[in-house]
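Heads up: the sequence lines are chains A and B, in that order.
Going by the numbering used here, the first sequence opens with residue 1, and the numbers climb by one from there.
Going by the numbering used here, the second sequence opens with residue 428, and the numbers climb by one from there.
Since the hints were made in silico from the structure, they are not lab data.
No false leads were slipped in.
Across the chosen pairs, the derived CB separations fall in these ranges:
1) His177(A) - Arg574(B): 40 to 46 Å
2) Arg574(B) - Asn311(A): 47 to 53 Å
3) Asp593(B) - Leu425(A): 51 to 57 Å
For lysine-lysine, the following DSS-like pairs were computed, each having C-alpha atoms within a straight-line distance of at most 25 Å:
4) Lys109(A) - Lys534(B)
5) Lys97(A) - Lys522(B)
6) Lys522(B) - Lys96(A)
7) Lys521(B) - Lys96(A)
Every residue gets a Cβ at the ideal spot worked out from N, C-alpha and C, and that includes glycine.
Below, each chain spelled out in residue letters.
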Amino acid sequence: SKREIKMRKLDSTKVRPLKSEQLLHIEDHDFALRPGFGGSPIPVGIDVQVESIDSISEVDMDFTMTLYLRHYWKDERLSFRSNKNKSMTFDGRLIKKIWVPDVFFVHSKRSFIHDTTVENIMLRVYPDGNVLFSLRITVSAMCFMDFTRFPLDTQNCSLELESYAYNEDDLMLFWKHGNKSLSTDEHISLSQFFIEEFSASSGLAFYSSTGWYNRLFINFALRRHIFFFVLQSYFPAMLMVMLSWVSFWIDRRAVPARVSLGITTVLTMSTIMTGVSASMPQVSYIKAVDVYLWISFLFVFLSVIEYAAVNYLTTIEERKQLKKRGKASGMYSIDAVQAMAFDGCFHDTDVDMDLTPFSDPCEEDETRTSETNVSNVDTTRLKRKRSLKGNVGRIILQNNHVIDTYSRIIFPSVYIVFNFFYWGLYI
Amino acid sequence: SHIFKKNHDMTKAWKGRTVQLLRVDEHDFTMRPAFGGPAIPVGVDVQVESLDSISEVDMDFTMTLYLRHYWKDERLSFPSTNNKSMTFDGRLVKKIWVPDVFFVHSKRSFIHDTTTDNIMLRVFPDGHVLYSMRVTVTAMCNMDFSRFPLDSQTCSLELESYAYTDEDLMLYWKNGNESLKTDEKISLSQFLIQKFHTTSRLAFYSSTGWYNRLYINFTLRRHIFFFLLQTYFPATLMVMLSWVSFWIDRRAVPARVSLGITTVLTMSTIITGVNASMPRVSYIKAVDIYLWVSFVFVFLSVLEYAAVNYLTTVQERKERKLRERFSCTCGIPHSKTMMLDGNYSESDANSLAGYTRNQMVPEEEKQEKMVVHLAMSNESNSSRKRGLKGHVGLRIIQNTHAIDKYSRLIFPGTYIFFNLIYWSVFS
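Just need the whole structure built from these sequences, with the hints factored in.
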């Protein structure tokens, strides 16, 4: 009995061997040695259930996923006698005392095993020594993203599992049920993406210093929902371009109006563009949304330039007109009586410019009486001749209205053509 | 020999009472009570301390709660005379078996550990155990924003045992629906917490079996006031501001244009501001509908003025053409013109005299006159003819004022109608 007491005292944490230790022969189990140590590689099956994809970050180019990771292997040292052939579930803290595979996530940035309320670990041992080891893990892993077609893009990401220490001579990692090893929760969804497919694949990875390792891949493709960006970027940009066309319909003499219209649309376009690039990584190539926004910006910019041209040409004509008026002022004094009759007509408009045209038609009438007999039939030509010789101001109005008139048609049609090309190319 | 025994245990002078009392040395914490036997029932009781935050962008919520477990472990029974329970330090938990409850779909969680681990362990003489801890957990909640911000979200926190299926551990609410209590002062700034209630269900995992899952469900109704003040009210004010443009003289071109453009810019800023704090969902939200319809109203007011201005310019041109043509009938005596001038008593223009029925027209211009006559006769309204013959400037004001006049009624009327429909649909 003294010897018994001594034996018990030697194991200072426990008085006598506990049931699980006795059951699984934990004391004889050396967790530093893998099953079949020195012999053939041990096959470890992997099964994954994805609980959720928490977030995809474009700026960091990574994704965060929470999953249940299950390992299946056979360790004969843990076999026990049982008449029911049922598995036994043990507390997670037992894994500190037995050998478990050392799977890690390649290219992961951060990861942790959830530990509330206790470490989320399950250990289940079958009588023949088969072990089921399950963990709940959240992992943030790298995903290289290509934004050339953003936001009409599809990203392919993958999570990679590999054993850290054991190469393929020691540990063979494989998907337990082939492609069906990967299952997902029913309501797994992301707000911005549509998860197209989950697939499992495996490969070998070579490290020059350490050899060949089995690597398992969890691949998934994410297709971005375009709706948010249509509402946030494309639609406002389109509206701004349309708003800049309004300027062509406004009288060209309203200088402050047309200029402020053009400038404010330029400012709004600039704000939209800044808003889009705030949430994007600073890549060195041009994205699809950049193409659209910059071309829309160009349209808006050109409408401002167009009005500058119109205004400049107007000023030139006015100067010419002033010079002409200087010559014609004498003529006007001759036809004062006639001119008086028409005073009331031009109350609304620029009196200076239109006084001259007044006198011209009256003046020209006498000279034209002979001409009218000839060109009686063609009234349009007569009208035009009359107006040309007559109201010079009206000519200016008509001429620059030409630039505006053309712009009213050219700008919208070119923009529509651009839209056809853009959406045809990217969708 | 007594002394020998005591010296061997170096941490304590004599065996601590706990260890002796609860026979912790003999207790194998890796094996659940009644290991190999029937399932152990574990009752759960929750008191919610606070709902810390609800995040729309991450679609999750953070909750702090007291989580209490009740089960019976005969290995921990001890003799007692007064049948009172004994409370032990939280660190004893490491040495005994405890249920491994975890929060399904949780992103982050932790047991508070200031000043020491917030854990309570209370053992009753018959082996009943009360195990309580204070936990903060951030869990996923799928939110539907199609009625944002007039929406209600239903979230739930799920508890489950990680390792033990329902054959090993039966998780249940200790007092049925009264197991869930909340602090009196539990409140959120942005939401009204409608109700907390509990449910329980079974969850199936294809690899591991059936588990008991307990749910803590609560419904949150968003307070609309903040969004009224932040988004709806400014948008409505902007639309009303754009109506001011219809009351301003149509000749004040810069004023009306810049009014319209600035309201468009402000609406665009409001829209961008709302989307900054929202997840990028692929459907349209209630607030989006309101803001975009308001944006369309403001945009249309700019287009309306462009139309007004364009028609004004066109009329001016026509009138000037007409004036010129009639200005050529300068040969008509003034008296004759006065006869036809009776119509224009209110105007100061008499220049268009003689352009209709007077036959005192020089032969040369008869044809042009006829053309103009025909053009004139196309006008259906006699009043219109009168106006045209009369003061051209006044005619212009009358013509476009019609568009402005109608707009003053149509725009507010339509907007009020839209508001009635919107608020009745979504409230």
